[in-house]
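Chemist: Please assemble the complex out of the two chains, which come individually in their own frames, going by the hints.
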Amino acid sequence: MRRSNETGADSEGVQAHQTAEAEESWISTVVRDTRIQRRTNRRIIWLERIVAVVLFLTGWQLLNSLGIVLPILISSPKLIGADMVQLFQTGSFYSDALTTLIEMISGLIIGTIIGISVGLSIGMRKRLSRAVQPLAVAAHSIPAVILAPLVAVWFGFGFEPKIGIVALAVFYPIFFNTLSGASNIDETLASNLKIFGLSRRSIVRYVYLPSAIVWTVASLRTAVSFALTGAIVAEFVGARQGLGVAMVDASQFLHTARVFSILLVLTTFGVVFGVLVRALENYIFRWQK
Amino acid sequence: MSIRDTDVNGADDAWLEQVVRKAKHSRTLDSWIIWIERVAIIGALIGGWQLFVSAFKINPDILSSPSAVGSTLYHLLQQRVFYYDLRVTSEEVLFGLLLGVISGSVIGIVFILLPRISDALQPLLVGLNSMPKIALAPLTIIWFGLGIYSKILLAALGVFFIIFFNIAAGGASLDKAVMDNLAIMGISRRKIVTIFILPSVATWIIAALKVAISAALIGAVIGEYIGANAGIGYEIENAINSLSIARMFTLLLVLAIMGGLAYALIALVERRLLRWSR
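Taken in sequence, the protein lines are chains A and B.
Residue numbers are given in this note's numbering: position 149 of the first sequence equals residue 149, and the series is strictly consecutive.
One gets this note's numbering by counting positions in the second sequence from 1 and adding 289 to each.
By construction, these hints were calculated from the structure, which means they are not laboratory data.
In this text, all values refer to a predicted model and were calculated from it rather than measured experimentally.
Watch out, some of these pointers could steer you wrong.
Unchecked claim - Computed spacing ranges between beta-carbons, pair by pair:
#	chain 1	residue 1	chain 2	residue 2	range
1	A	S92	B	G434	26 to 36 Å
2	B	W565	A	S202	14 to 24 Å
3	A	W154	B	V370	24 to 34 Å
4	A	K126	B	A303	40 to 50 Å
5	A	N184	B	L463	28 to 38 Å
6	B	D302	A	K126	29 to 39 Å
7	A	F196	B	L417	52 to 62 Å
8	A	V54	B	V370	48 to 58 Å
9	B	L435	A	I50	37 to 47 Å
10	B	D319	A	F196	56 to 66 Å
Glycine included, every Cβ here is placed at the ideal spot set by N, Cα and C.
For reference, chain B alone in the conformation it holds in the complex (with noise of 0.2 Å):
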C-alpha cells in the first residue's frame, strides 16, 4: 500500500514537472511568437504603404511613401534649423507642461483646503470644463503674440483643467473617516494636511500626468499651427502650404516620436513614483 503510495506520487510529481516546463517552454515561445507578431504588423504596415505606392503610381504629392519619408528625415537630421524647431517645441510642452502642473496643483490644494469657496464656484468651474481648451488659440496669441509664449500658455491651460479636475475630483473622493480620526487622535490641522491630504494630492497628480502631457503637446502643436514663427508644428504648416508631402509626413513622424518618448517617459516615472500603491 505504502508503496504502491509513494509510486504513485512519484509517478504524479515527474508528470507534473514535465507538464511545467511544457507550459513553460510554450509560454516563452508563445511571447517569442507575439513579439514576431508585432514586428510583423509594423513590417506588414509600412511594406503596404511602400508596396501600396510603388504598384499603383499614386501621386508621390498625396501619399508620400516609406523611403520618401526615410531620405527626407535623413536630410532633415543634417539640417541645423530642425534642430532649433524641436528645442522650440520641446521647450513649448516641457514649460506649459510644468505651469501647468504647478499652478494646477496649487490651485486645487487651496480648493481642497477650501470647501466652501470650491463650492460656491462650482458653476463657474462646470463650465470651464466643458469648455474645449483648444478655443482659447485665438485668445492666446492675440495676447503674446507669435512668439513662444502664447504656445506656453496654450499648453499650460491645457494641462491645467487636467490637474487641476484630477485634483478635485479626487478631493471629493477624500475618507472623510480618516480624517475625522486623526482629527479625533489630536494631530493639528495642518500636519492632517501634510501627513494626508498632500501624498493623496501627489498620487492623483502623477496619475493625471499621462493625460496631462498628451495635452501639452496638443496646446503646443495647435498653437504653432495658427500663428508661429519656430518648431515643428510651423514647420508643417510651411511642409503643407509649399506641398512638400514628404517633408509633412517626416515632421509629422518626428511628432509622434517625441510625443510616444514624452509619453514613455512619464509612464516610466510613473511606475517607479506609485510603486508602493500596488
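In isolation and in its complexed conformation, chain A is listed as follows (with noise of 0.2 Å):
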C-alpha cells in the first residue's frame, strides 16, 4: 500500500488517482470484512461464555444428583436458587443486608477522609514524610483486618466497632496513596507559586490536593474490596447482625446452600461496588480523553 502510494505520487495524475481508487476499495472491503469476521468472532465468543457458564451449572448439579457428593459438602445450583428465593422472604435476610451494607459506607467514608486528610497533612510535610514513609511501609505488612478484636474490644459488640474495622482497613492503602502523592507533587510549581505570593491555603488547594487525589482515587478500588472484607471478617469475629453472622450461623447449623446464597449475595455487593468505583474513576479522570 504504501509502495502504491509513493508510486502514485511520483507518475502523472490519472493514473496515480486511479491506483488510488483502487486501492481504496481494496482497503474499505477488507476493513468491512474484518469487521464482519471481528463481530460473528464475538459472537461466538458469548456463546462459547454462555456454554460454559451452563455447564460448570450442570456439572455441579451433576455432582450432586448422581450422588457423587454430598450436598451438605458442596450444595447444588438446584438447593442454592431454592435457598435463594426463601431468603428473599425472609425479613432478617434485608436487616443484615442493611446492616453490612451500612456499615461498609460508612467505615468506607469515614477510612477515606481520615485517609486522605492525615495523607496530605503529613505528605505536606518533607521532613515528616520522609521519616514516616518507611514506618508506613512496615506498617504495611500487617493486614488490617487481622486487628478486628482489637476495635471489637474497644467499641464492643454494637454496630459501631464493625465500622471502625472497616475504617481501619480502608484507611491504610488511601493513607498511603495520599501520602505518596503529595510528596510526589511538582516542587518547582510550588514554589513558584510561593514565589508570586499565594498563601499556603491555595497552594494546598491547587497543587497538593489535585496531585494527591489522582493517587488517592487509585487506591478506591483496593480500599473498596478492603471495605467489604473488613465488614466480612468483622462480623465474623464478633457481631449480633449483618450478612456475616447470618453466614456463621448457617454453616453451624450445616446449612450449606444458605452459606452460598449469601456468598452470591456479598459477590453482587462486590461487583456493584466495583462498577461504581469504575464509574468514579471514569469521571474523574475524564479530562484525560
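Modeler: Shown next, in the form of C-alpha cells:
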C-alpha cells in the first residue's frame, strides 16, 4: 500500500488517481470483511461463554444428583436457587444486608476522609513524610483486618466497632497513596506559586490536592474491596447482625445452601461497588481522554 | 589571560570541592536526623500510650499498656504452648502460600496457553474475582473441620486468586510482536513457551508475592478466629473471651511481627530475583 502511494505521487495525475481509488475500495473491502469477522467472532465468544456457565452449573448439579458429593458439602445450583427465593422472603435478610451495607459505606467514608487528611498533612511536610514513609511501609505488612478483635474490644459488639474495622481497613491504602501523591508534587510549581505570593491554603488547594487526589482515586478500588472484607471479618469476629453473622450461623447448622446464597449476595455487593468505583474513576479522569 | 583563566578555574575547583564536601556532610547528617526522627516517632507513640494509661488511670482491661504487654510477652515466651501455636499458624501460612502459588501458577499458565478457554470462562472468573474470598471461611470449615487444613485451604484460596489474576493480567499484556517474530524465526511453540512465556510468568508471580503473603496471613488468622483448636488467632479469640486484654495485645503484636518478617523476607527475595529487571 505504501509503495503504490509512492508511485502514485511520482507518476502522472490520472494513473495515480486510478490507483488510489482501486486501493481505497480494496481497503474498504478488507475493513468490512474484518469487521464482519470480528462481529461473528464476538458472537462465538459470547456463545462459548454461555456454554461455559451452563456447563459449570450442570456439572455442579450432576455432582449432587448422581450422589458423587454430599449436598451438605457443596450444595447445588438447584438447592441454592430454592434457598435464594426463601432468603429474599425473610425479613431478617434485609436487615442483615442493610447492616452490612451501612457498615461498609460509613466505614468507607470515614476511612477515606481520615486517610486523605492524615496523608495530606504528613505528605506536605517534606521532612516528616520522609521519616514516616518507611514506617508506613512497615505497617503495611500487617493486614488491618487481623486487628479486628482490637476494635471489637474497644467499641463493644454493637454497630460502631464494625464501622471502626472497615474504616481501619480502608484507611491504610488511602493514607499510603495520598501520602505518596502529596510527596510527589511538582516542587518547582509549589515554590513558584509561593514566590508569586499565593497563600499556603491556595497552594494546598491547587497543587497538593489535585496531585494527591489522582493517587487517592487509584487506591479506591483496593479500598472498596478491603471495606467488604473488613465488614465481613468484623461480623465474623463478633456481631449480632449482618450477613457475616447469618453466614456463620448457617454454617454452624450445616445449612450449606444458605452459606452459598449469602456468598452470592456478598459477591453481588463486590460487583456493584466495583462498577461504581470504575464509574467514579472515569468521571474524575474524564479530562485525560 | 591564560594565567587568569587557570586562576579562575583553580578557584572554581576549590569552591566546588568545598560545596560537594558540605553537601555530602549535610546529607549524612540529614539521614542521621531522619533516623533519629523515626526512632523518636515510635518512641513517642509507645511513650504516649504508656503515659496516657498511667496519667488518666485508664482501665487496663480496655487499653492495656506497653509495660503490661512487655511483661505478658515475657511470660508468653516461656510457655511451650505459645511455640506450638506459633508453629501451627506459621505452617498454615506457609503451606497455604505454597499451595496457592503452585495452583495459581499452573492454572494461570494453562489459561495463557489456551486463550480460547480463558475467553470462554471470562464471566465466571470476573465473578470469582469480585467475590470476597474471606467469606469462604465458613465453607472451608464445613469441608475440613476445625483443624489446620481448613486454614491452609482458606489461605491458599486467597493466594490462588491473587497469583492467578496477576498471571492472567500479565498474559493479556504479553508482547504479541515478540511471539510472532519468534515464530517467524522458526522457533517451535514449545521453545517459545520456555524461553519467553515462562520467564515472564515467573516475574509476575514474584511481583505478586508481597500481596500474596498478606492474603495468606489473613486467611490463616481469620480462619482461626472463626473456628480452630490451635494457633495464634485461636489464642487471641480465647484472650478476648476471657477479657485478658494485655494478652490479646501481645498476641496481636506477635502476629504483626510475623507479618512484618514474612513481608521483609519476600521483599528481599523479590529484590534478589528481579535484580536484572532494573
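Chemist: Against each hint, give a clear statement of whether it holds in the structure.
Modeler: Hints, one by one, checked against the model:
no.	hint	verdict
1	A:S92 <-> B:G434: 26 to 36 Å	28 Å, holds
2	B:W565 <-> A:S202: 14 to 24 Å	46 Å, violated
3	A:W154 <-> B:V370: 24 to 34 Å	27 Å, holds
4	A:K126 <-> B:A303: 40 to 50 Å	31 Å, violated
5	A:N184 <-> B:L463: 28 to 38 Å	30 Å, holds
6	B:D302 <-> A:K126: 29 to 39 Å	32 Å, holds
7	A:F196 <-> B:L417: 52 to 62 Å	53 Å, holds
8	A:V54 <-> B:V370: 48 to 58 Å	52 Å, holds
9	B:L435 <-> A:I50: 37 to 47 Å	40 Å, holds
10	B:D319 <-> A:F196: 56 to 66 Å	29 Å, violated
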